[in-house]
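Trainee: Here is what each chain is made of, one letter per residue.
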Amino acid sequence: MLDIIAIGDQYQAVDPDQGLANMRAAATKACRERFRRIDRFTQMALIGSAQCIEGADVKPDAGLYIGSRFASLGNTTKVHEQMICRGVVPKPASFINTLSNSAGYFVARNLGLRHRNLFVSRGDASVVAALQLAAMDIGTGVVSQALVGAVEEAVLPLEHHRFRLGLEPGTEIGEGSHWLLVAPEGSADSFASITDMVTLVDEQALDQWLDRLDPATEYRVSLSPWTQQRMASSCLQNRPMLKDFDPALAAYPGYAAGALIRYLQSGEKSPLIVIAADTDGRFHAIVTWPKGDLTISA
Amino acid sequence: MKDLNQSTTAPVRIVASGIISALGNGKLSNLTALFSDTAIAPNRLSLLHFEEPIEVPYHAVFGAPESAEARLHWLLDQAIGELLAEHPLTMDQRATVPVFIGSSCWGIGIAEERYRQQYHDNPETAIPLPLDGFSQISRYLQQQFGFHGADFALNTACTATANAILSAAAAIGTGVSDHALVVGLETRNDTTLAGFHGMQLLAQDKMRPFDRQRDGLVLGEGCGAMLLSKCESDDPGVLLRGGASNCDTFSISASNPDGSTIAAVMADALDRSGIEPFDIQAIKAHGTATPLNDNGEAAGMCRVFDTVPPFFSLKAALGHTLGSCGVMETLLVAAALPKGRLPASAGFSEPDPCLGVAPISQPLEVGPGNYLLNFFGFGGNNSSLIIRYQN
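As given, the protein sequences belong to chains A and B, one line each in that order. Heads up, the first sequence is in our numbering, so the first residue is 1 and it goes up one at a time. Heads up, the second sequence is in our numbering, so the first residue is 299 and it goes up one at a time.
For the record, the hints were derived by calculation from the structure and aren't laboratory data. What you are looking at is a predicted structure, and each value in this text was computed from that prediction instead of being measured. From the three backbone atoms N, C-alpha and C, an ideal C-beta is built for every residue, glycine too. One or more of the hints may lead you astray.
What the hints assert, rightly or not - Simulated coverage check for chain B against chain A, where a stretch passes if three residues somewhere in it have a Cβ under 8 Å from a Cβ of chain A:
(1) 378-391
(2) 407-418
(3) 454-463
(4) 470-483
Claimed, not checked - Computed spacing ranges between beta-carbons, pair by pair:
(5) A/PRO157 <-> B/SER531: 56 to 66 Å
(6) B/ASP556 <-> A/ARG32: 20 to 30 Å
(7) B/SER549 <-> A/GLN82: 17 to 27 Å
(8) A/ASP196 <-> B/GLY379: 27 to 37 Å
(9) B/GLY473 <-> A/ASP202: 37 to 47 Å
(10) A/THR28 <-> B/SER549: 18 to 28 Å
(11) A/GLY55 <-> B/ARG342: 27 to 37 Å
(12) B/GLY473 <-> A/GLY112: 47 to 57 Å
Stated by the list, open to error - Reference listing, derived: stretches of chain A covered by chain B, where coverage requires no fewer than 3 residues with Cβ under 8 Å from a Cβ of chain B:
(13) 97-108
(14) 139-151
Excised from the complex, chain A in its bound form (with noise of 0.2 Å):
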């Protein structure tokens, strides 16, 4: 079980007249020094970092961990635009920005974390994949406390992300650095438990997790776009203990860290259950407990 201690959030849907949002003014903002040839990932990462970390009480052993689906997209398919297109080498700060975990490196060095430092990735469920070994790292005593992010770019053109992403044309796409600091049970100043991170093999397993719910509580369940398309039960609406919850957020691979982030924004007071499907078929969860009165803000 992992203590919520402090979230920070950086959402925008993308709108396609105006493009992608520019986010080095705010990258600025949220940096202590001055990070040269740092691409739109690494940006958006150190935004949401930051806000995470402001006034709260970040262990020196905290470790850090990012889920991502596609990293560092937008650098990366420049890139290969480059190479493929033109035969163009690589530049080397272009190059080492491909490298997933350079947005961790710029992170880590913003907040002067020292310790373990991971990037992982796991589709639509990157969150889950993160929290996972945040959890694990905390419950081998490695870390005391976990900075987990979620950052999901969109790339022009938004056809192509689509595609990218499987998604209908026409679909709003979003994008987003949320972030979560995350402690052992029993952490001062915690304003949620996260009790439950699964990976379920199919539907049907799925349905049989669910059956093993209290039916006397009554749960709120978000699900992304894409999520909602790969479920083709009704093991949801089958359980009326089961009340959806829309976070109002366009569809992106941050989907369930955007919605659990929201969720604790609102003041609700029942458990949250976040549902991201992977594209082999599986369902990846996390339930979430609210604490006390605290309604907070990122």
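We have chain A already, so just place chain B on it with the hints.
Mentor: For chain B alone, coordinates are given in the frame of chain A:
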């Protein structure tokens, strides 16, 4: 020596493994090549799709299909096949065992091929990165072998599978599972080869780790797989005793050359394993033959050890297999230990007086004891593992 029970990591044993590399297919072939007196020279590889001709040294595997997707699958088939032949997990076990995967390339070669083909067919509609590269290995492990458990696609550059091993041990230590699978894969692709070429990190012809004439690294491809299982601390075999993974924010492309951060991760690994520096019998160095890495690693070893134990690098033989070197090199050391010797440091012939230390130039007779393995990567990621061989 402290008692094994003082380790802060629960005992975990390497119960099975498999490998395919430029040295051969399977552990036996790899060990035979490592202990052979014949120098292992890399191939020359021409990168055909660039403005100017690029030719690089490369440790390629033999017998692999040419297409990127088939090559990735073939590499997995070889390594997982050897592992399952040693320890045939039931389908029920496979369905739930967590899978920790490390790589630097993932599906990037497949993405390159598809984009290149699309661009050739119609540049107007071609989509760069038309697939989710991180899911390619996990998907094949699920479809081909039934590994449907929680998967972790770790990418921390050259420490990816060293970190995967630590996370796999943590999964067992926290009771998530009694077993955990670790898979590392690196395969040929233009992005990586051209990227290292552009950074001017590649050697002219071959790797010479810790050698006075060292001039860079040679990349390699391969796949390693390792099954870790819960065990008792006195079980015979090769156990993961502990390890550490830290972030060095000195530079995104190199550890602090004064060795301080490398020393820190080795010291943390010793501490977490409950042992002292003098308990280490030998060190498998990261040893990439780049001036910065070898300088920093030598300085780090001198900081931690009053007398630096015998050490060696495997990369001149295997090539630098980037994200998969953690599992490939660890399983080879684990396979060599019961045979009573460790290989000489390939590619080394002339000591560098600036380093103050030199790797072993002959195979080393070894026995039961603790062995340290170092892995360092871009992004400031430093990892050290400690394995214990016991009868």
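Trainee: Where does the structure disagree with the numbered hints, that is, which hint numbers, in rising order?
Mentor: Hints 1, 9, 11, 12 not satisfied by this model.
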